[in-house]
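Novice: Each chain is listed here by its residues.
There are 2 protein chains.
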Amino acid sequence: MRIETKTQKIDERLQLESGRILESYELVYETYGELNEDKSNVIVICHALAGSHHAAGRYGSEAKAGWWDKFIGDGKVVDTSKYFVICSNNLGSSFGSTNPLSIDPSTKKEYRLKFPILTISDIVKAQMALYEKLGIKKAVAVIGGSMGGMQALCYAIEFPEFTDTIIALATTAYTRPWAIATNKIAIEAIRHDPVFKNGLYDKEDLEANGLPGLAIGRMAGLIAYLSPSLFNEKFGREYSSKDGLYELFGRFEVERYLEYNAYSFPKVFDPLSYLYICKTMNIFDAGRNKDKLEDAFEKVKSNLHLIAFEDDMLFFPEEMEEIRDIMIKLGKEDQVTYKLINSKSGHDSFLVEVDKFEEHTRNILEGK
Amino acid sequence: MRIETKTQKIDERLQLESGRILESYELVYETYGELNEDKSNVIVICHALAGSHHAAGRYGSEAKAGWWDKFIGDGKVVDTSKYFVICSNNLGSSFGSTNPLSIDPSTKKEYRLKFPILTISDIVKAQMALYEKLGIKKAVAVIGGSMGGMQALCYAIEFPEFTDTIIALATTAYTRPWAIATNKIAIEAIRHDPVFKNGLYDKEDLEANGLPGLAIGRMAGLIAYLSPSLFNEKFGREYSSKDGLYELFGRFEVERYLEYNAYSFPKVFDPLSYLYICKTMNIFDAGRNKDKLEDAFEKVKSNLHLIAFEDDMLFFPEEMEEIRDIMIKLGKEDQVTYKLINSKSGHDSFLVEVDKFEEHTRNILEGK
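So the sequence lines, in the order shown, correspond to chains Y and S. Heads up: the first sequence runs through residues 0 to 367, numbered per numbering that gives the first Met the number 0. Heads up: the second sequence runs through residues 0 to 367, numbered per numbering that gives the first Met the number 0.
Intra- or inter-copy, both count: the list cannot distinguish identical chains.
Computed list of lysine-lysine pairs in DSSO-like fashion (alpha-carbon distance at most 30 Å, straight line):
{"no.": "1", "residue 1": "K328", "residue 2": "K233"}
{"no.": "2", "residue 1": "K196", "residue 2": "K266"}
{"no.": "3", "residue 1": "K137", "residue 2": "K298"}
{"no.": "4", "residue 1": "K291", "residue 2": "K241"}
It is worth saying that the hints were derived from the structure and are not from the lab.
Taking the hints into account, I'd like the entire structure generated from these sequences.
Specialist: Following this line, the structure appears as structure tokens:
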């Protein structure tokens, strides 16, 4: 599989939903496989909150493959020997695309808290501008889970001609207060971290000392992305050290897991990006106002394939069922499929239990 | 209903499960109704993490009644015209009973982080010492929810002669990693709050500036205590101000709710107490080692009434069912009842949906 990472500068104004404008911006993107001559073998992959453009494969001596490597590759469901797969880093994210630490061309300084609020639509619109630069007019499919699934829905509604096949996993048509509440822990923990300095943190300070607030916010995420039964299975009531029981800060295995994964997070993810992306997710509403969801889905021309996970505790299966029901109500029952996966890894099932929806998604892509 | 609040000093050593000793300690407790002559009309109420001895009624001009006022009072289920009800503030809690800010008699200084780790058994043992001081040998019933339910189970196992009737609501026989993870957010947020100063915080500083870490920990609790559907119903996607949508920190109603309830919490609850009580809950295991749960429940002589709540996302109904199943396996099927309530307020249902288990618990207390 051929992997390439590139940066596309786009010197065109991006009119944002908020009314603000990005005069120019950059998107980092990764591609897998070969674009065919008539550019008709493109599959778009959209990533989630903490994901990046690095969706599959390994670079050089990299220990860990891209985040959806089980799903994307030669001979895999998203078969890179057939398709040209493209995954771009979301606008606002901290893996290279324009984000709050980028230079604001009007002030020549980093945006920081002056960065504009982005919506899922804005992110998708920027991706569409990228495809235009690449001469790509249409995709075979757009696929994404969680926040990536929000983007997939947005493609279906706002760019109905772009693809005939949307696969949206573990997502929702509008973010409910339960998910907003989880993000709230992160928002408050980041804001109150003295290292954060109202967004004016010193990057070296952050690198040296970490940003516990972001780690704590990430912890709330790590809980919401998994499930109680998985926690039982994975951690039980074991201690990570023998003396944990009567020490105030004695660590259960589950605590060690949370610490390890949360405190390493600020090393790879920027707190301002985290705040902005939480906001993007929080305000996501495919109908802009949920009473108008039907108007939104009325626009859909592609086939919409919804995949929900039984033990998803962030975006519950009922949220996906609501989308299916709207499609049916609109007389689009031939354009929608819904599959509920008997999952055991909570919201993260779309990342780790690929074997459970492999055949289903392969059939979709092969038009069966 | 007659309410009294008293403090009992107990000048006897309390041998703790950790091996450490409290040379003396105090318990604040509240009573409702009148103790009859032969002291045979006592009902014990055990409170949860953030609760206090103030379980029912109002003092003077108090705006808010005690935390279980729907359940306890003249003519209510726990009928104070018949019973003498007693609720003591848990050892370690910050409402007056001995806690990390109390004076360590051996150093004449506040314990702070030198306070010993307490277990649910230690808390119950201290309560038993209080009853002895009051000349109470037996209770009609012991009732508690959540951490109070842990105490109720502990009475059943460790003081099997003390009462014939245990009612344990929304609780567990051993804390699972899912609940430990929720507490972990609080532990980490408190530890990293610069005001906390490794437990040596200045009380005036805390009063003046609050302790955001404790507020953020409380937020994690407020989410875990409720349920996704309640959040939908209660908050929807409303903003608390008109301009919220495109402001980074624009607040959804659910965010306002969390802020309001979380940031007021450090005004009434001490962060060290919170850490110690989280630890107490985290290490709770009625069997000390869950392989020995059967040995523990073998000791139970009372009737054990278990009440679980369908949408409890902290202590799941399966956890209560496990206790019922152990009782049945031990041939104690006549000693156990299990009721699953069709609740809508998550874990907090035991506090707010009293109407749904009122008749059931009334029948239990009336021996029907």
